[in-house]
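Chains as they are written, first to last, in this note's numbering: chain D, 1 to 322; chain R, 1 to 322.
The set of hints was computed from the structure by calculation and includes no laboratory data. Some hints here could point you the wrong way.
Note that identical chains are pooled: a pair holds if it fits in a single copy or bridges any two copies.
[To be verified] Calculated lysine-lysine pairs in the DSSO-like style (CA-CA distance at most 27 angstroms, straight line): (1) K296 x K276; (2) K10 x K230; (3) K268 x K230; (4) K296 x K28; (5) K254 x K28; (6) K271 x K131; (7) K288 x K131; (8) K254 x K39; (9) K150 x K26; (10) K307 x K66; (11) K230 x K254; (12) K188 x K271; (13) K39 x K271.
Treat the numbers as computed from the prediction; the structure is a model and nothing was measured.
2 protein chains.
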Amino acid sequence: MEKILTLIEKDLKRLELAIDTLNETKVKVITNIIDHIIKSGGKRIRPILLILTSKLCGYKGKRHIKYAAVIEFIHTATLLHDDVIDNAQLRRGSSTANILWGNQASVLVGDFLYSKSFELMSKEGNMDIIKTVSNATTILSEGEILELIKTSDTNLTEEEYFEIINKKTAILFSAACEIGGILGDISKAKIRRLSDYGKYLGIAFQLVDDLLDYVGEKDTFGKQVGTDLKEGKVTLPLIYTLKHASEKDSSLIKENLYKREITSKDFKTVKNIVEKYGGFQYTHNVTKIYIEKARKCLEGFGPSNYKDALLSLTDMMLTRKV
Amino acid sequence: MEKILTLIEKDLKRLELAIDTLNETKVKVITNIIDHIIKSGGKRIRPILLILTSKLCGYKGKRHIKYAAVIEFIHTATLLHDDVIDNAQLRRGSSTANILWGNQASVLVGDFLYSKSFELMSKEGNMDIIKTVSNATTILSEGEILELIKTSDTNLTEEEYFEIINKKTAILFSAACEIGGILGDISKAKIRRLSDYGKYLGIAFQLVDDLLDYVGEKDTFGKQVGTDLKEGKVTLPLIYTLKHASEKDSSLIKENLYKREITSKDFKTVKNIVEKYGGFQYTHNVTKIYIEKARKCLEGFGPSNYKDALLSLTDMMLTRKV
């Protein structure tokens, strides 16, 4: 990661400046809430993708910085609303905005960020990018609603799970890479490949996220471990295990998934069962497949530092702890 | 109103069809929630303004229908989020979506509608309209946040109150009229006048809404009367009364405004005090001033049925019961 951060160091500094400058409103509490969440050590993975892909395509202008900020704003809006939906207490090691300012403010500031993002894009004037982003955010909210409906649904299939993570996570990764391609003015076919790269990387990212929710360390991961189980979110490690486990083990998982509150003992019980049936290993293996798919999408692009960076991002997915 | 509805009868039918067609998603619950709220007898005032202003400017195309649907979608998104924020039970005489489907679904379906609206606009390809709408929704969410911050603030000034209603209500009325002007391809100065007409009409609309929250009949008004007092919303009738009332009467108002639950006796106590100091009459008088301002904005437009309709809408504000 250090290498990537050095490669686009100047752009990342400009990005932070842009985030500060564009987060302007007369209403102080809006700025405070946005600052709190956007400066709490996010990985900036979506803006980094946008910057790297635009550079990969030979883009020489400055607009990628503003779009990178917009993508991070949209991501931040979804986090604000997610934390309300999940009643989350902790994000990136700090109290969530809903805990500090209340659910109402979190909903409204999320709305503000969505609108502000479209306002900023409309000022830039690129209709293709507005199409890409509005399509992505529509699908994203569909994904979140699907996830909500499927809460505690132990019949969730792998196919449905992939539809959910594709919509709620991968689509914004994909949009970020697509914007890089649009700015670079490359062919539609090549833009499609970048967009697919983002999609597969996004799926891998979410798979690892769902894995870390069981096997991560709270202090490193920044979120509370075990929240998916607590919230009744059925993710790939569970789906695989429920398919292969004995009736007794399946029942134990379901029982804990339906509970409103789980103890760390409950969590360990479920974790051990998943481990026993190889649910974590399976998720890891599937992640590798998507990493490979992502890498393949970059084959048509000539060698460059930016391509290397995009390739190394795929490897990082497998080793990431945060 | 009958006359206006007859004048644009065909367009209003097309609007309902467009609302149905555009409210399409594979996720059934999204369609259900949107249907529930959008077909519960809304007045379609914003789409009507868009249609009438576009016709006033001689627009002959069909795009105004789609934009009218978009404006109603955006309005619906704000209602979904508002009802979560206010924990509202009743809207237009029916249970609110948050009561029927929960806060989480309401937040996410609101997000879906915002995104879908921008997606639909990006497909139409008019950047000026996207600018107008994204600017309006940004200001709108600022207004909602301001209102939230100022809850139970008995020091709220008239100026601050007008900033809030301008942002949370008038801006979308204004945007609807501006889109009519943009579609009609009239001069910037004339577009500005339409936008101002919408703004003043919107302010009058909200003033009457705040008045009806005290003096309306529940069965006619569709909402519960007295909700502003219950939610600690300080509106013009109260602002005026607090400024003129004796210390004893002021204290009585404040006491009830701070309460979490109010009885109908509490509500009547406050209502009688406001009546005594002329707070309702004052609000009515201020509404008249804004109605007059709105009418003046139309002076530069030649005579037509559409102009008459827009003028008659201003009068209707004063007599509306719903």
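* Can you tell me if K296 and K276 fall within 27 angstroms by alpha carbon in one copy, between copies, both or neither? -> So K296 and K276 fail the 27 angstroms test inside a copy (33 angstroms) and across (77 angstroms) alike.
* Between copies, within a copy, both or neither: which fits K254 and K39 at Cα up to 27 angstroms? -> neither (38 angstroms within a copy, 39 angstroms between copies)
* Asked: How would you classify K307 and K66 at a CA-CA limit of 27 angstroms: within, between, both, or neither?
  -> within (22 angstroms within a copy, 42 angstroms between copies)
* Go through the copies and call it for K296 and K28: within, between, both or neither, with a Cα cutoff of 27 angstroms. => Close neither inside one copy (46 angstroms) nor across copies (35 angstroms); limit 27 angstroms.
* Could you figure out if K39 and K271 sit no more than 27 angstroms apart (CA to CA) within one copy, between two copies, both or neither? => neither (33 angstroms within a copy, 47 angstroms between copies)
* Indicate which option fits the pair K10, K230 if close means a Cα-Cα distance not exceeding 27 angstroms: within, between, both or neither. => neither (41 angstroms within a copy, 52 angstroms between copies)
* First find the shortest C-alpha distance between K268 and K230 inside one copy, then the shortest across copies, and answer within, between, both or neither for a cut-off of 27 angstroms. => within (12 angstroms within a copy, 46 angstroms between copies)
* Asked: Between K288 and K131, at a C-alpha cutoff of 27 angstroms, which is it: within one copy, between copies, both, or neither?
  -> Close neither inside one copy (31 angstroms) nor across copies (42 angstroms); limit 27 angstroms.
* Is it within, between, both, or neither for K271 and K131, if the alpha carbons may be no more than 27 angstroms apart? -> Classified as neither; 42 angstroms inside a copy, 50 angstroms across copies.
* Asked: Under a CA distance limit of 27 angstroms, which applies to K230 and K254: within one copy, between copies, both, or neither?
  -> Answer is within: at 11 angstroms inside a copy they meet the 27 angstroms cutoff, but 42 angstroms across does not.
* To do: Have a look at K254 and K28 and pick one of within, between, both or neither, based on CA distance no larger than 27 angstroms.
  => Answer is between; shortest inter-copy Cα gap is 26 angstroms, intra-copy 45 angstroms.
* To do: Can you give me the call for K150 and K26, within, between, both or neither, at a CA distance of at most 27 angstroms?
  => So K150 and K26 pass the 27 angstroms test across copies only (15 angstroms; inside, 40 angstroms).
Violation of the numbered hints given earlier is confined to hints 1, 2, 4, 6, 7, 8, 12, 13; the remaining hints are satisfied by the structure.
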